[in-house]
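Here is what each chain is made of, one letter per residue.
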Amino acid sequence: DVKVTQSSRYLVKRTGEKVFLECVQDMDHENMFWYRQDPGLGLRLIYFSYDVKMKEKGDIPEGYSVSREKKERFSLILESASTNQTSMYLCASSLYRGGYTFGSGTRLTVV
Amino acid sequence: QKEVEQNSGPLSVPEGAIASLNCTYSDRGSQSFFWYRQYSGKSPELIMFIYSNGDKEDGRFTAQLNKASQYVSLLIRDSQPSDSATYLCAVKVLSQGNLIFGKGTKLSVKP
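Heads up: the sequence lines are chains B and Z, in that order.
Note that the first sequence ends on residue 111 in the working numbering; no numbers are left out.
Note that the second sequence ends on residue 1111 in the working numbering; no numbers are left out.
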């Protein structure tokens, strides 16, 4: 089975901090995605990547950036964390025609 | 704007009954359809996918697709309390690599 590993299950950060969320997948998938999930708003796509060093903006990229230096790793960066970025962050990977496999999620609280 | 619509619920069914979850989508270019189950506090888990019109069965789960009506459904037979979760419908459009998610239907199976 494909495994998608997110480095932290829970994080608490202070306003203004630079935050790194790491995601690693072990099945050579081309595509990787970062979502945030909030009650009533569903899953919202932040950024995605189809290949190494390639990135595309999703629906809500403001305040975020990403890095994909290796095929298996996709990092989400909050440049200056704010309280409205408190959320559940979900990483996923897929082959082009397939469905996603999600990581276990990182619940980020910004205080 | 490509959209996927689901009734938010909650949908409440007695144990042993059939639960019927419905989803409509707006883009006729949609080619692949997925159902995810998400337990509270956990990440989504893929339970079914369907590509062609008709029914696809896997154990107690049946996915139904009608491309003419732009409608996909998930039936859960012999519902169990452990099926209580939020079910997310997701659609892949030919021109895009990412999935478009509905906001989910919360299912509650009462013992």
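These are calculated hints, taken from the structure and not from any lab test.
Computed from a predicted structure; not experimentally measured.
Careful, some of the hints might be misleading.
Pairs of lysine-lysine residues, derived as DSS-like cross-links and limited to a Cα-Cα distance of at most 25 Å, are as follows [stated by the list, open to error]:
1) Z:Lys1110 <-> B:Lys3
2) B:Lys57 <-> Z:Lys1002
3) Z:Lys1106 <-> Z:Lys1056
Hint check:
no. : hint                    : in the structure
1   : Z:Lys1110 <-> B:Lys3    : 33 Å, violated
2   : B:Lys57 <-> Z:Lys1002   : 16 Å, holds
3   : Z:Lys1106 <-> Z:Lys1056 : 22 Å, holds
In terms of the numbered hints stated before, the structure departs from hint 1 and from no other.
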